[in-house]
Amino acid sequence: MNTSTSDSEYTPKKSPHNEILHSRSIEALIFMGLFSFIFGGLALEMGAVNLVNTIMRTAHDLLMNTVFFIMGITVISGALGKLMIEFGVVRLMEFLLAPLMRPLFNLPGVASLGALMTFFSDNPAIISLARDRKFASYFKKAELISLCNFGTAFGMGLIVMAFMFGLGFFKAAFIGLIGAVTGATISTRLMQRLIRDAEFNSSDEPTDNNDTSNETICFKSEGGVFLRFLNAVLDGGKQGVDLALAIIPGVLIISTFVMIITFGPLDPIAGYKGVAYEGVPVLPWLAGLAAPIFKGLFGFNSPELIAFPITSLGAVGAALSLIRMFLAKGIVGPNEIAVFTAMGMCWSGYLSTHTAMLDALNQRHLTSRALFAHTIGGLAAGIFAHFLYLFVSRLG
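Numbering of the sequence shown is given in full-length UniProt numbering, commencing with residue 1 and proceeding in unit increments.
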């Protein structure tokens, strides 16, 4: 009997576990290399002890002096927003804004409700509306997907505006709001154009409804006026607390890191002491290479100011925490506030929310197009706000 067997039968097969372990090992080595390069370089410049002390003290100061300030704003604005919804102000604003939706954003009039909801809260509010079948039935497929860009452009708008008002920049904040609307228009229409010929996933798709004569979404109100007022204030305030708690990681982690690579030692003569807000100014050095571009497009006179739009890519709450430091250094004015308001509101941390929002609509494969469109929209918002501020300033 022939007992010979081919060598292929004895070829050892790679275990899936070993393949996963191999890929994770490579990933771990890359991470450790990058981590050591970044923080090792900072430690060599600042000193390891000073670096650790600066990180802890900066995070603590941000928590005590910025996060709780933002929390106060979110609680008040949350209560105000809930009151406006409860007593029909949002419905009135929706009615007034609805005629602008098609000419500006190529969206049905009911989309104005989405802008108002995200303006009074945060980006994900648009998803709860988009997944509502009655609301979604007024949209074509491409229009519904573009709601992610449209809603994000107004995310945390009331909080951003209130923060700027608190610093005394009323006119600049309103100019920034107009810039954000411009960015929203460009982002939404560009997104619709990019996905015009795209294939959409069929699950959970709403049916188009061309009858837009009765575009209304109902808000039910129960109980007497006083009870409705009390419930709205308390519920809105609670939502404000939840929102403030949600932005704490972004503020403490992202802002601390951005500040460490933005600002130098507080006293250049004495050197590093490990106090809050010290660091190695890597970001201004990089921005300085393109300083004429930032000066021409946004009117930035200091390369450090580029830290705000970069931070707002991930979390606008974290970006707001930078402004007080800019004011203390005397490098920010009304023009910069207008640009910050426009870009902060329009971008509103879209890098951290867009994927989840499109995933909720079962259209994750369109994420790259949405990110590209919104990047262009945010840049356009800042540029428009800058030149609008210059125009208004010339008028006196």
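In case anyone wonders, no lab produced these hints; they're calculated from the structure.
Mixed in with the good hints there might be a few duds.
What the hints assert, rightly or not - In silico DSSO-like links for lysine-lysine, alpha-carbon gap of 30 Å or less:
| id | residue 1 | residue 2 |
| --- | --- | --- |
| 1 | K238 | K273 |
| 2 | K295 | K171 |
| 3 | K295 | K329 |
| 4 | K329 | K171 |
| 5 | K134 | K295 |
As the structure is a prediction and not an experimental result, all values here were calculated from the model.
Results for each hint:
no.: 1; hint: K238 to K273; in the structure: violated, 40 Å
no.: 2; hint: K295 to K171; in the structure: holds, 21 Å
no.: 3; hint: K295 to K329; in the structure: holds, 18 Å
no.: 4; hint: K329 to K171; in the structure: holds, 22 Å
no.: 5; hint: K134 to K295; in the structure: violated, 47 Å
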